[in-house]
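Peer 1: Below are the chains, spelled out letter by letter.
Number of protein chains: 2
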Amino acid sequence: MGSNLYLGLVHHPIYDKRKEVVATAVTNFDVHDIARCARTFGLGGFFVITPLESQIQLVERIIRHWVEGTGAAYNPTRKESLSRVQVSRSIDEADRTVSDLWKKKVKRVATGAAPHPQSIGFKPLRQLLGDQETPFLILFGTGWGLTWEVKDSSDYVLAPIEGRGYNHLPVRSAVAIILDRLLGDRV
Amino acid sequence: MGSNLYLGLVHHPIYDKRKEVVATAVTNFDVHDIARCARTFGLGGFFVITPLESQIQLVERIIRHWVEGTGAAYNPTRKESLSRVQVSRSIDEADRTVSDLWKKKVKRVATGAAPHPQSIGFKPLRQLLGDQETPFLILFGTGWGLTWEVKDSSDYVLAPIEGRGYNHLPVRSAVAIILDRLLGDRV
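Sequences listed follow chains R and L, in order.
Position 110 of the first sequence, counting from 1, maps to 110 under our numbering, and the rest follow consecutively.
Position 91 of the second sequence, counting from 1, maps to 91 under our numbering, and the rest follow consecutively.
Hints were generated in silico from the structure; no laboratory data involved.
Wrong hints could be hidden among the right ones.
Identical chains share a label here; the pair holds if one copy fits it or two copies do between them.
As the list claims (entries may be wrong) - No more than 25 Å apart at the CA atoms, straight line, and that leaves these computed lysine-lysine pairs for PhoX-like:
hint : residue 1 : residue 2
1    : Lys-79    : Lys-17
2    : Lys-104   : Lys-17
3    : Lys-104   : Lys-123
4    : Lys-19    : Lys-79
5    : Lys-123   : Lys-105
6    : Lys-105   : Lys-17
Next up, chain R with everything else stripped away, as it sits in the complex (with noise of 0.2 Å):
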């Protein structure tokens, strides 16, 4: 389980403090953090999604150095979590990647922290993905979130984690939140 669900990191289009659509620029650790969370609960893949060139190329050169570079042999384990991460221009592209590979639709999961009147609750969205033959494609915000637009063209809005009060994780603890609620054993 969990080899039907690939993870997008969207750097584009998302909005900022002023709610105004930007392209946010790549954070090291959420690259390798999600990389680790990705491999941990089997998925099938991790795009980090930037139309910007050279950022494009600094999840590149990331990449490269754990998994062919040096890095490769002072840390194998960073090698087996980043060699599944790869770079796409816009999330069409990595929405195609995925459906190309599985000659199917791909159903397409919005997060963000905020509510959205039609969401669907983790237990609901855990069960759907208990159906291997359909891949999906769970999309995450960095800056202040995935825009109207990402959500409403999306088949899945999820449920936001909910806080005491607080609504503020980083995308990379509400990624590791996410998944295990999706994927994690449940002892």
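Since chain R is already given, all that's left is putting chain L on it; use the hints.
Peer 2: Same frame as chain R, but now just chain L:
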């Protein structure tokens, strides 16, 4: 729920790659991400545990910047999370801070990626935490993990998060998942 749980991020005593006992350096992202998770789940407090004077000063400077400095106005949600962080020189010092506050013996819980002969599962620990009269201190190791002495002298050792043949989560992700399993809404 959660306010009787305190978290300690341990930088000494810690194993390094060769299983020698060392003091690790503090990672800025650990402080921020774990502070946000601790705030999200309503923990009683978060101790960064290090005996190194340079590291103590570093953490205190980070906290001051975001709680009192220019950072407080720039990003109030960081002020809110970091105002619950404090530095302790040892596990015992953190433990004493909690027991002085509660006038009670603190139950210690160690965590780690490796299985331990006498571990407690997530569900039983979740139930124990429901006893709001008892303070708990949950310890997370950095580097290559908590020493056996720390584990063996704890009241409980929590079961590891089981990955799909991969057991190398960053401590930041492990904290997020474990706090959610112990205190998160079950939806």
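Peer 1: Against the structure, test the hints numbered earlier, and report the numbers of the ones violated in rising order.
Peer 2: Going through the list in order, the structure violates hints 2 and 6 and respects the others.
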